[in-house]
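As they're listed, the protein sequences go chains U and F.
Going from the first sequence to this note's numbering is simple: count from 1 and add 113.
Going from the second sequence to this note's numbering is simple: count from 1 and add 166.
If you are wondering where the hints come from, they were derived from the structure by calculation, not from laboratory data.
Mixed in with the good hints, there may be bad ones.
Residues from chain U that face chain F, not an exhaustive set, calculated with beta carbons under 7 Å [as the list claims (entries may be wrong)]:
no., residue
1, V119
2, R151
3, A154
4, V155
5, L161
6, A168
7, L172
8, V194
9, H196
10, M226
11, S228
12, A231
Predicted, not measured: the structure shown is a model, and the values here were computed from it.
Glycine residues also receive a C-beta, built at the ideal position from the N, C-alpha and C atoms.
What follows is the residue order along each chain.
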Amino acid sequence: MPKYIVRLLLILIAGSLLAYAAKVHFTDPSFYRFGHYRADAVTEIAGLKPVIQGAGQCLKCHEKREQDWAAGSHRTVQCEVCHGMGKTGHPDDGVSLVPKDTIRLCTMCHAAMPSRPARQPQIVVGEHPFAGEEKSQCISCHDPHMPGGGEADAGQPPTGPGAVPAVVSKCAKCHGSMGEGHKKNPALAGRPAGELADRLNKYRSGDISNKIMKKYASALSDEEIRQLAEYYAALPAPRPRIDP
Amino acid sequence: MKTEDNKTGRRNFLRTSGAALAGLGAVVGGTLLGEAVAGTDKGNNPESSSPVPGYDWKKHRWAYGIDATKCIGCLRCVKACKEENDVARDANHFRTWVERYVYLEGEEKPLVDSQADPQNIAAAGTEADYRFDNRYKDKKVTKSFFIPKMCNHCEHPACVQVCPVGATFKSEDGVVLIDHEYCIGCRYCIQACPYGARLFIEDMGVSDKCTWCYHRITKGLQPACVEVCPTHTRVFGDLNDASSPVSKFIRENRVQVLKPESGNAPMCFYVGLDKDVS
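The following block holds chain F by itself, in its conformation from the complex (with noise of 0.2 Å):
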């Protein structure tokens, strides 16, 4: 049995949602209406295929190459980088870093440090600065190298796989960039990075990483550290041009990438890495 109270309650509500989704529907499609009228635009604008204005990045397939042979440990890719990128100056947080393996006499392991040791930050006497101190000096050496390390802006990212808001992305000339804007601060990608080359930026809670210095490479310069290395460890160029530089070296060497088992296909190319290095 029901009231007349009630039957007129479902009415009036009935009305209402009626009424509201009636709005909605309007909502909704003025929206998509909008979206779609811009995806038209965008799609007969020549413009929209390539988001830097004057750089086709459809044309390039950058790659980078480094021979660890050539390395004196001089640690000014770091610097240089530090200025470019405006990283954090600090002994924390580095988007290229350089490695120093060592093998005393009689070892099997080798002893590794890097910039960030604080032995060598007594020895630059600063955070800001870095240097390799002299520690093996008077030691008794079999083996030692430096090893400088990066991004590896791989083929298969395993960073932009886990991103879950696509804050971090391969640009279609290659390079694995982020998106500050987007990026939540969730730290997925430093922990999938085989690498470790991502760097956690505390102060605005997003995370970072070595971009090969796109603002750089679009204007056709090369990377600072590419730019600065002075005895041409570091090697930079698009793989779609034969003559250029790492075109060239990887033509001319045989070279290995880091963690080939890892499955990301890195775009790092290496000459004289060594069983320990990984």
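This is chain U alone, in the form it adopts within the complex (with noise of 0.2 Å):
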């Protein structure tokens, strides 16, 4: 073989040799250990520590809410949908994480709009509970720990033995949907459907004075208050309330 040929090969051989070196150099050893990528990659993406934390951590501190939060329909909603995400400096830093503003909290999923699902319960702002009520905060008639209560689903008419009068709905609104009460609206299941009836012709005739409940009773017919009072008088009175 002429020398020019054999020198030209030896530095072809050098050059590849020292590509190759460099190759090796640079890539991360992990590279190509499980394809065309650095495992170690893998390792620190797994190995980010969680934020959003969930509701076991909550109930850790908050136990007592369990009961009632299991067995409404907000069961579905995480305790950080409404009390913030992330790093909230609660409880290190002693942050309150009670929403203040609960219209505008709840009407991130409550307002009525028209994408939304039907389904979903749902409130025009300015003419729930009454059109033209004064805005009122929405935890000063529904718990949100347990809007609905007991098994039933939000949004659904309550089912209780016996026919369901149509205007159940609207007591529902602040009774509960199985009449179980909420804060100062109080339990109307299981209550004697003779005491409840009286209660309702009361309010309806002035009797009792009560803006809101005498609104309701003006609309509601001889039959329909009958209709009620054996209906809630039916349903299983509530279990006692825990309040932590």
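With the hints as a guide, bring the two chains together.
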């Protein structure tokens, strides 16, 4: 073989070896372990710390909340959805996670929008509970930890013994879908039918002064009052409330 | 006619070259030997079957389900994703997002907006919070719905195919990941993705994407967006486990994928898509 060919070959071989050495030197050792990528990247990504904690973390301290939360239709809503996600500073920095503006918070999911599925409970702000009603915070009537209560699904008419009067949905808005009561709105379920009917009649006539109840009772016929009273009397009385 | 000087010069050159080659050979040989030894070590080590300690990635095949008929557009998924993955809290960077489709009476084409729409940012008050405004409440709407979107973690991901440096790849358990250390910021993947699911982090000069919260799912948790979804619109799980939420979701529903014609074979399965959603 002529000398100049040998030299050329030597230079080519040397160049190839140099290139290969450079590749080996500069490629991460974990590259190609599983494929054309750096295997250590997977380890690094998997090693990040979770931020969203889930309800389990909250219930460690707020265990009394679990019974209510797990029974109501908000059981699918994780604590952090309403109380804040990420680095909130609670509890270490003593930051309170109680939402202040519940109108703004609740309408995030419950403001009436044409794009929302019909089965999602929705309200028109300014018309709920009454048109022209002064804006009051949602939690003044609703218990956010147990809306709908019991096993009943929110937005569905309550089911109970016997026929369900059509007007019952109006009562359910404040007194709970099973008549279990919310905050200052008393429980109706399990109360004697006579007492319930008597009460409604007195609201209607004005013998008991109550602006909100007069509004609702005035819209009821004698027959509807009888049906409502019998319906709620037949429902099981609510279990005692736990308020931590 | 060659001079003595020239001959000496060539001989010297060859001698030097020979020595250099020998030295180089030693270096290369050493490197290769080292590599070979390291390679054997890895091969014998049972830990090397998975890069994540305590998690066998060969046993899982992750998939995602989205029931768009349940989405209420509360955008908690978007919020959770940003908090979980430290995505820039502005209107230009999202690993997951939600689109609103609205068909007004008499219109054939939908009006589409997302949480990044200026009016929606105004409703939220800040770019760091997310909220759909109620602009259609007084309009005659014939049909409307929300569509959550994100990386589809395709079976045949175009983004992986185009990456020139092996920075983005599909893991053995079916998650398309990105290695920020290897990414050179060429943005081929952003162009290649038919779903617009990738984003660019300007500060770091790298591409970024949804990881299905790989750091959560390898610990047995749900991705952040699934964890916070109040309506179970989003479901996630292991296709190798017949009782997982996503196996059940695919079994019990007539599922679709976005842009099947792109050939990427997405692993996000939808219920309730519409003709104009792509």
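For each hint, the structure was consulted:
1. V119: Given a least distance of 10 Å, the restraint on U/V119 is violated.
2. R151: holds, 5 Å
3. A154: Constraint on U/A154 satisfied, holds at 4 Å.
4. V155: holds, 4 Å
5. L161: Constraint on U/L161 satisfied, holds at 4 Å.
6. A168: violated, 9 Å
7. L172: violated, 15 Å
8. V194: holds, 5 Å
9. H196: violated, 11 Å
10. M226: holds, 6 Å
11. S228: holds, 4 Å
12. A231: Nearest chain F Cβ about 10 Å off; hint violated.
In terms of the numbered hints stated before, the structure departs from hints 1, 6, 7, 9, 12, listed from lowest to highest.
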